[in-house]
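Using the hints provided, position chain B relative to the given structure of chain A.
Going down the list, the sequences are from chains A and B. Our numbering numbers the first residue of the first sequence as 1 and each following residue consecutively. Our numbering numbers the first residue of the second sequence as 1 and each following residue consecutively.
The set of hints was computed from the structure by calculation and includes no laboratory data. The model shown is predicted, which means the values in this text are computed figures rather than measured ones. Note that the Cβ used here is the ideal one computed from N, Cα and C, for glycine as well. Take these hints with a grain of salt, some might be off.
What the hints assert, rightly or not - Cβ-Cβ distance ranges computed for the label pairs, FRET-style:
no.	chain 1	residue 1	chain 2	residue 2	range
1	B	Ala107	A	Ala213	31 to 37 Å
2	B	Glu116	A	Arg223	53 to 59 Å
3	B	Ala107	A	Thr191	43 to 49 Å
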Amino acid sequence: MSNVRVLVGTRKGAFILNSDGKRKDWTVSGPFFAGWEIYHMKGSPVDPNRIYVSQTSGWFGQLIQRSDDGGKTWRQPGLPNEAIPAPGPPKALPNRFVYDVSPETGKPLTTHQWYDGTQHPWEFKRVWHVEPSLSDADTVYAGVEDAALFRSTDGGENWQELSGLRGHGTGPQWQPGAGGMGLHTIILDPTDPKRIYIAISAAGAFRTNDGGATWKPINKGLRSEFIPDPNAEVGHCVHHVAMHRSRPDVLFMQKHWDVMRTDDAGENWREVSGNLPTDFGFVIDVHAHEPETVYVVPIKSDSEHFPLGGKLRVYRSRTGGNEWEPLAKGLPEKDCYVNVLRDAMAVDTLDDCGVYFGTTGGQVYASADAGDRWAPIVRDLPAVLSVEVQTLD
Amino acid sequence: MKQGPREQGNKGTRDRGTEATGKREGGDDGGCALNESAKLSEAAKTSAAPVRVALPYHLRNVAHVEGDVLLEVNAPVTLRVVLDALESRYPMLRGTIREYETGQRRAFLRFFVCAEDWSLESPDKPLPDAVSSGQEPLLILGAIAGG
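The following block holds chain A by itself, in its conformation from the complex (with noise of 0.2 Å):
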């Protein structure tokens, strides 16, 4: 029987929820990195026991962990795990992202918009998401804060920028939402390694179709309330972006306000928000094996980010978008303030495909049927960041 590993990101450190294919009794270890933000933690589709992480902090910075045996030992790679006697050059420089302005390969665009219109310097702040390779689990890609996508391919020991995105000529009309300018999604596509979508805060969706050597906004269709132009190619305020494998053409995005399909890999989009309470949200997952099963978790507004009228609801789509079920059994009927962030949602390969989310109030919910039913796993965690989940043979 297959087993579940739910790797959870809290703002105190890093959690792994385990259980067997029935989903019912969890067992939960952790905290590991206790004390740090956990932004994100992903296993290699290529081999499970290989789970990168990012960990972060205000006063120690960026660090980037390693396990090879399925979280029970961490590592930072490339570095020892204790004192080395005789200093040397190193011969790794990890935790180091540096952005590229080379003249070789790199840019010379330097700067943002920011808050006030003004232009303003890139600067790395922390590493907000974390993607291994569907083909080799030593490359890894990171989506960091200031935007801008990293990629390692020695397992993390050493990062270099793909600055193709953050020169293609529209960077200094991205500028920071309100949780700073993060590039917070990375959509590998399995048919085709040249290809890779990825969004960002507050810029919009981009999709390079060489590896990540040029990129192309693909924001034709979204409407943003703070952007006078309705035709802006960039600036737009994306929270994430979900694609079923076996449709690589067709992605879902919550953004700010608004859910969105597109079924030209981008090229344009169309709301789909439908018949939900409410279209402002950050999750939106699809289903392992229905492409057209769609999930999100409506929260009230940009400005109280909690569920309508304090009850915690997924809403489903069978339908691809437009027409939208409640889910609300097993989830809190009342007196529910939480908010769901973008990378807190996750969904299993089981056979009845499991779906789980995490709350800022530190709870995990999850469901093994769909959606249908929901339990929690742990109620009492730190205020959850990010979540993921590997199926295990």
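Leaving out everything else, chain B in the frame of chain A:
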């Protein structure tokens, strides 16, 4: 100010004084007097002293150490020399105290020496004898901020 228990569950935890001042209760000020003219002290001129560095809790975890770190450093003993030695011996700390590229102190960290804030001092100013002789540690503290 947060008054909760500090550094719970950490073996080897010892008094670090308060994070606000870096003062250590019952400390001996012998050798802490600063050389106002910034001339090298006798100890700093001549000794390769085992300097003690007291890391904040989270960095002790990152470095996999308990208690103070002892470093053999060449004179003159300055902040820069000590931090270079620290990062060489514990490379996992690179970037956590000083910015990777610029070498600047991270904004929310402070350096305390003999109950004095050295955060804004020149990194090349010789440290007091009490530090260069290992009597007193260089304290690296996290600012009180955040949740």
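Structure-based check of each hint:
For Ala107 of chain B and Ala213 of chain A, the Cβ-Cβ distance of about 35 Å falls inside the hinted range of 31 to 37 Å, so the restraint holds. For Glu116 of chain B paired with Arg223 of chain A, a C-beta distance near 58 Å keeps the hint of 53 to 59 Å intact. The hinted range of 43 to 49 Å is satisfied by Ala107 of chain B and Thr191 of chain A, whose Cβ atoms lie roughly 45 Å apart.
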